[in-house]
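Same order as they appear, the protein sequences are chains U and A. Here the first sequence is numbered in numbering that gives the first Met the number 0, starting from 0 and rising by one per residue. Here the second sequence is numbered in numbering that gives the first Met the number 0, starting from 0 and rising by one per residue.
Everything labelled a hint here was simulated from the structure, so no lab data went into it. Virtual Cβ for every residue (Gly too), placed ideally from N, Cα, C. It is possible that some hints are incorrect.
Claimed, not checked - Some but not every residue of chain U turned toward chain A, in silico, with C-beta under 7 Å:
| id | residue |
| --- | --- |
| 1 | Thr3 |
| 2 | Pro4 |
| 3 | Ser7 |
| 4 | Leu9 |
| 5 | Gly10 |
| 6 | Ile43 |
| 7 | Arg62 |
| 8 | Glu104 |
| 9 | Lys152 |
| 10 | Val155 |
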Amino acid sequence: MTGTPKLSLLGTMALLFEAPGPPVLESQQRIWALSRAAADWPEIEEAVPGVNNLMLTFRTAPRNVAPLQERVLAAWAEAKPIALQGRVLELPVVYGGDGGPHLPEVTAHTGLSVDDVIDLHTAPTYPVYALGSHPGYCYLGGMDKRIATPRRKVPVLSIPGGAVSIGGEQTGVSASAGPSGWNTIGTTSLRFFDPERSPPALLRPGDAIRFRAEKVVR
Amino acid sequence: MIEIVATAGLATVQDLGRSGSLRYGVGRAGAMDRVSLAAANLLLGNEEDAAGIEIQIFPFTLCFTGPCGFALTGADCGAKLDGTNLLPWSAYTATTGQELTLGLPSPGPSRAYLALSGGVDVPEVLGSRSTQLRGAFGGLEGRALQAGDRLSAAAPGTGRGGFGLVPPKLGDPVRVLPAAEYDLLTETAQDLVWSTAWKITAQSDRYGYRLAGETLTFAEPVEMLSHGIVPGVIQLPPSGQPIVQMSDAQPSGGYPKIGTVIDADLWRLGQAPIGGRIRFARTTWSEAVAAGEALRRWLAEAGRLIRLQRGRT
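In isolation and in its complexed conformation, chain U is listed as follows:
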């Protein structure tokens, strides 16, 4: 892995580490390693993996943040990919129609047919890179770049739980109703989160999802 990682601050409450290079699985596996290491540091409240990046939240704002920044960079240089072997979950999806209102925008942007978009979307086994956005939501790696579609100019105020969507070069499934800047192309049903369960999220980094086209509404 070449290139320089990027460190930035989120106010005085957190630091963001962004790995160089594309968000490939091997890089994400190093993010998991860095996350495990940093989670044990005394000044860190929580290590939160994102897609090819890691947020570290602070217990209290350090007077001088430079030593911590150096420690993160040193730990990244040493981080070896961890290959987590989780389970693979298959999700039936109804593509298009009321449950996938932005499918036409994905076909318009990519110049592909509805069938091509669905074929490309159901082909991969998507590794869970990280959880975020809302309780139980999984960021997935491995989407085919041919169906990449930019996030929406103005976020939608609410999309339902189970919405399957594309944002930039990423795809995912919403775990509950809420606002989203992504393009919703289909819908599925699964309970991804239960606050009474430990851990509360159904999936964890290293698990994987496959989508199956149950129905296409044209």
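We have chain U; now place chain A onto it with these hints.
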């Protein structure tokens, strides 16, 4: 202990927020104005982070179904207990059957906080009693309060009333540390971040404030990978109109970030009314850390004064 008689909506049980579950996709939630909630708790001798009720739409009326100490902070809503005017930022004791009414706030802060002796007694979920609206857990059944809801105080007999606090100054503007993508804005846009009086639009809520003002543009389009964010982060979607993430912020997002409202000023932003205007002032790491320490000193001093008062009465 209390029963909600009338609410215009969006009143929720909140503490100072949930930590440690960001990696499961669970954001902080918690009071929009954490200083006011902490102060209300201090007035009753509660722990600062006990759960209270955040009220943001008025009028709001509740009835005490048993004797209980309570304190009100935040917005000055001309509160009345059985028709008797109450002072803002003060603690009182209610007897069974008394009715507490909060009207429209006077100009100034827009959200009111009600603390009960010992704290509002709802179950802790993932380490907090705050209402997590998305996912529907925490608080009372993970939702906003409705007429007819009943809530208990954890220790109704503790905490006498009869004294108050001078509220901290709201002031203007809020201080901001530039974030990772600030440097990618055009020079004109960088200037506009600080010179614009941003309007807080009607599409603003506990998730975030959608601002309206000058359109900010990047020198080149920026597409990001999803990454962790915290309350206070100012995102810039392609519309060019900034969004400030607030208490119900998602734990991650993908829009570029132009700045972060510092933690020490987030409570002031949390009190800004919809339709109002806010300005951002650029700050530095050391100023931001010092501001956080000053705020903690203010709370510690408030706690000390209250303990002195309580010792006397």
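Going through the hints against the structure:
1. The restraint placing U/Thr3 at the interface with chain A is violated, with a minimum CB-CB distance near 14 Å, outside the 7 Å limit.
2. The interface hint given for U/Pro4 is broken, as the beta carbon of that residue sits about 12 Å from the closest beta carbon of chain A, more than 7 Å.
3. For U/Ser7, the interface hint holds, the least distance from its beta-carbon to any beta-carbon of chain A being 4 Å, beneath 7 Å.
4. A least Cβ separation of about 5 Å between U/Leu9 and chain A falls short of the 7 Å threshold, and the interface hint therefore holds.
5. Of the supplied interface hints, the one on U/Gly10 holds, with its beta-carbon coming within about 3 Å of a beta-carbon of chain A, less than 7 Å.
6. A distance limit of 7 Å between C-beta atoms decides the matter here; for U/Ile43 the minimum to chain A is near 11 Å, and the interface restraint is violated.
7. With a least beta-carbon distance of about 6 Å to chain A, the hint placing U/Arg62 at the interface is held under the 7 Å criterion.
8. A cut of 7 Å between beta carbons decides the hint on U/Glu104: the least distance to chain A is about 14 Å, and the hint is violated.
9. Against a cut-off of 7 Å between C-beta atoms, the interface hint on U/Lys152 holds, since the closest Cβ of chain A lies about 5 Å away.
10. Because the beta carbon of U/Val155 sits about 12 Å from the nearest beta carbon in chain A, more than 7 Å, this interface hint is broken.
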